[in-house]
Amino acid sequence: MTRLTLIDNKKAYVDGYKSIISIEDNEIRILCHDRVLIIQGEKLRIASFTGIEMAVEGKFHDISWSK
Amino acid sequence: MLKKLVKYILGYYILILKGAGADRLINICNKNKIKIWSITKNEDALILRAYRKDYKRILGFAEKTETDIDIMLEKGIPFLLHKYRKRKCFFIGFLIFIFLVWKYTTFVWDINIEGEGYYSFEEIEKRIKENYVPIGSKISGINCKWLEDTLREDYPEISWISCELKGTQLNVTLTETIRDDTIPARNVPCNIVASEDCIVTEILVKNGVAVVEAGDEVKKGDILITGVVNIYNEYDELIETNYVPASGFVYGQIKRSYEDEFDMNHYIKNYTENKKTYYSFFIRETVFEPFKSETGFVNYDVITDYKKVKIFDTFYIPFAYQKTTVSEYEPKLSTYTPEEAEEKAKNKLQVYIDDLRKKGVEILENNVKISIRNGKCHAGGNLITRELVGIPSDISLFEQGEDTEE
Numbered sequence: 001m002t003r004l005t006l007i008d009n010k011k012a013y014v015d016g017y018k019s020i021i022s023i024e025d026n027e028i029r030i031l032c033h034d035r036v037l038i039i040q041g042e043k044l045r046i047a048s049f050t051g052i053e054m055a056v057e058g059k060f061h062d063i064s065w066s067k
Numbered sequence: 001m002l003k004k005l006v007k008y009i010l011g012y013y014i015l016i017l018k019g020a021g022a023d024r025l026i027n028i029c030n031k032n033k034i035k036i037w038s039i040t041k042n043e044d045a046l047i048l049r050a051y052r053k054d055y056k057r058i059l060g061f062a063e064k065t066e067t068d069i070d071i072m073l074e075k076g077i078p079f080l081l082h083k084y085r086k087r088k089c090f091f092i093g094f095l096i097f098i099f100l101v102w103k104y105t106t107f108v109w110d111i112n113i114e115g116e117g118y119y120s121f122e123e124i125e126k127r128i129k130e131n132y133v134p135i136g137s138k139i140s141g142i143n144c145k146w147l148e149d150t151l152r153e154d155y156p157e158i159s160w161i162s163c164e165l166k167g168t169q170l171n172v173t174l175t176e177t178i179r180d181d182t183i184p185a186r187n188v189p190c191n192i193v194a195s196e197d198c199i200v201t202e203i204l205v206k207n208g209v210a211v212v213e214a215g216d217e218v219k220k221g222d223i224l225i226t227g228v229v230n231i232y233n234e235y236d237e238l239i240e241t242n243y244v245p246a247s248g249f250v251y252g253q254i255k256r257s258y259e260d261e262f263d264m265n266h267y268i269k270n271y272t273e274n275k276k277t278y279y280s281f282f283i284r285e286t287v288f289e290p291f292k293s294e295t296g297f298v299n300y301d302v303i304t305d306y307k308k309v310k311i312f313d314t315f316y317i318p319f320a321y322q323k324t325t326v327s328e329y330e331p332k333l334s335t336y337t338p339e340e341a342e343e344k345a346k347n348k349l350q351v352y353i354d355d356l357r358k359k360g361v362e363i364l365e366n367n368v369k370i371s372i373r374n375g376k377c378h379a380g381g382n383l384i385t386r387e388l389v390g391i392p393s394d395i396s397l398f399e400q401g402e403d404t405e406e
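Going down the list, the protein sequences come from chains E and L. Counting in this note's numbering, the first sequence runs from 1 upward without gaps. Counting in this note's numbering, the second sequence runs from 1 upward without gaps.
The shape of chain E in the complex, shown without the other chains (with noise of 0.2 Å):
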């Protein structure tokens, strides 16, 4: 199970990721359970990750999920 923390639209937490599929400088996929999380924005950086969580920071725009 993936579990996504917002604050405001500055800071996503992403708990229970499996990998970071791409990142770019107005998009970051990021491979969950089973389907792809997409934060789409302005200066979109990973502020932080450990094995488990991850944390984004930018001006985010939209986020959606793919399968």
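Take the hints with a grain of salt, since some may be wrong.
To be verified - Here are the in silico distance ranges between beta carbons for each label pair:
(1) Ile9/L to Ile52/E: 25 to 33 Å
(2) His33/E to Phe97/L: 52 to 60 Å
(3) Lys83/L to Lys18/E: 36 to 44 Å
(4) Leu2/L to Lys18/E: 26 to 34 Å
(5) Arg52/L to Lys11/E: 22 to 30 Å
(6) Ile52/E to Arg52/L: 20 to 28 Å
(7) Ile52/E to Lys4/L: 18 to 26 Å
(8) Lys138/L to Lys18/E: 19 to 27 Å
(9) Ile92/L to Ile52/E: 26 to 34 Å
(10) Lys11/E to Phe97/L: 26 to 34 Å
Note that these hints are calculated values from the structure, not bench results. Where is the CB? At the ideal position from N, CA and C, for every residue including glycine.
Based on these hints, arrange chain L on the given structure of chain E.
Then chain L, alone, in the frame of chain E:
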């Protein structure tokens, strides 16, 4: 903040990853528990931060994932130490300096007193330094509550006092009681006598019996309020004599003579452009004057500016420096104009009057005349004042014996 500090102490790289396997490299690092953070994309490169100790492992994974890896920046203390490895003395000196500063912050190096009025700053400071908290005392050994109580006992005019340690400074804040003009109360039998020749203007007895009344002219030492209280019966026979500490207010009108004289000729200082400045350094009581040299001036003024060294507002350390400026001047004989002389005489008289007023003396008349004769300016005359004239005086054995015999 703490995390940032830890990262800085351990040292970290800002790395640039280029190539198709950069994303994969990050995942591999994560799986292998290599701490990386602040990952951003810049054009076709990934920028991230990683600890110095993990760099070799990351390099190994970069080869496997065919990722180019470059060091963009090195940050942290290990890199600084490496960079300045040939300047060991500088670092050792710096560390000693930090240690000394830390060590010195555990002692008191300055005493600040606020709110004093009747008691002078120097008086209280000297008492604290010599008896209770010498400069250089360990902060941990100072009991502010005890100091407050002790100072309150030493200075009865203090109504409220607070002692507080701020940094390396002992702050003493106090409030003094409002002094009234009553004659100091005594616990032993006494009289109130005249302190000056005067005309009594007002008398208010609190304890004892008034001997004079308003309008009476008295000499210095005359009894104004007696502490010998005789009790008579209805036939005017003395039945008892009590000796009490006399007290009360006695105001009198005093004629104070004033005389002042000064020469009309005087020297004025014409400062030349010759000036010498040097600095002195103080470590506690020891003075170092490495730049002091003989000025060779015959007539000169010395102006000193003493400053204690402090870190922030209240972290004083036992160092001080002093800027000394020696300015040469040429004395030139000059003569006051009559107006200038009169102005100067008036100013001196005003200082004298202000001093009297501070002591609670009221000036009723000013009969001082200023005149210039024989090259001198003379101010003379008298001031009529109204002031407290009663002071306590012991009851003499003669008085006691005389009364007892009756």
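We went through each hint and held it up to the structure:
1. A C-beta distance of roughly 26 Å is found between Ile9/L and Ile52/E, which places it inside the suggested range of 25 to 33 Å.
2. Distance hint check: the CB atoms of His33/E and Phe97/L are about 56 Å apart, consistent with the given range 52 to 60 Å.
3. A hinted range of 36 to 44 Å holds for the C-beta pair Lys83/L and Lys18/E, which are about 41 Å apart.
4. A beta carbon spacing of about 30 Å between Leu2/L and Lys18/E agrees with the range 26 to 34 Å that was offered as a hint.
5. The beta-carbon spacing between Arg52/L and Lys11/E, approximately 27 Å, falls within the hinted interval of 22 to 30 Å.
6. The hinted window of 20 to 28 Å between Ile52/E and Arg52/L holds, with their beta carbons roughly 25 Å apart.
7. Distance hint check: the CB atoms of Ile52/E and Lys4/L are about 23 Å apart, consistent with the given range 18 to 26 Å.
8. Taken as a hint, the range 19 to 27 Å is violated for the pair Lys138/L and Lys18/E, whose Cβ atoms sit roughly 59 Å apart.
9. The supplied range of 26 to 34 Å is broken by Ile92/L and Ile52/E, whose beta-carbon atoms lie about 44 Å from each other.
10. Restraint check, Lys11/E to Phe97/L: a C-beta distance of roughly 41 Å breaks the suggested window 26 to 34 Å.
Hint compliance for this structure: hints 8, 9 and 10 are not met, and every other hint is.
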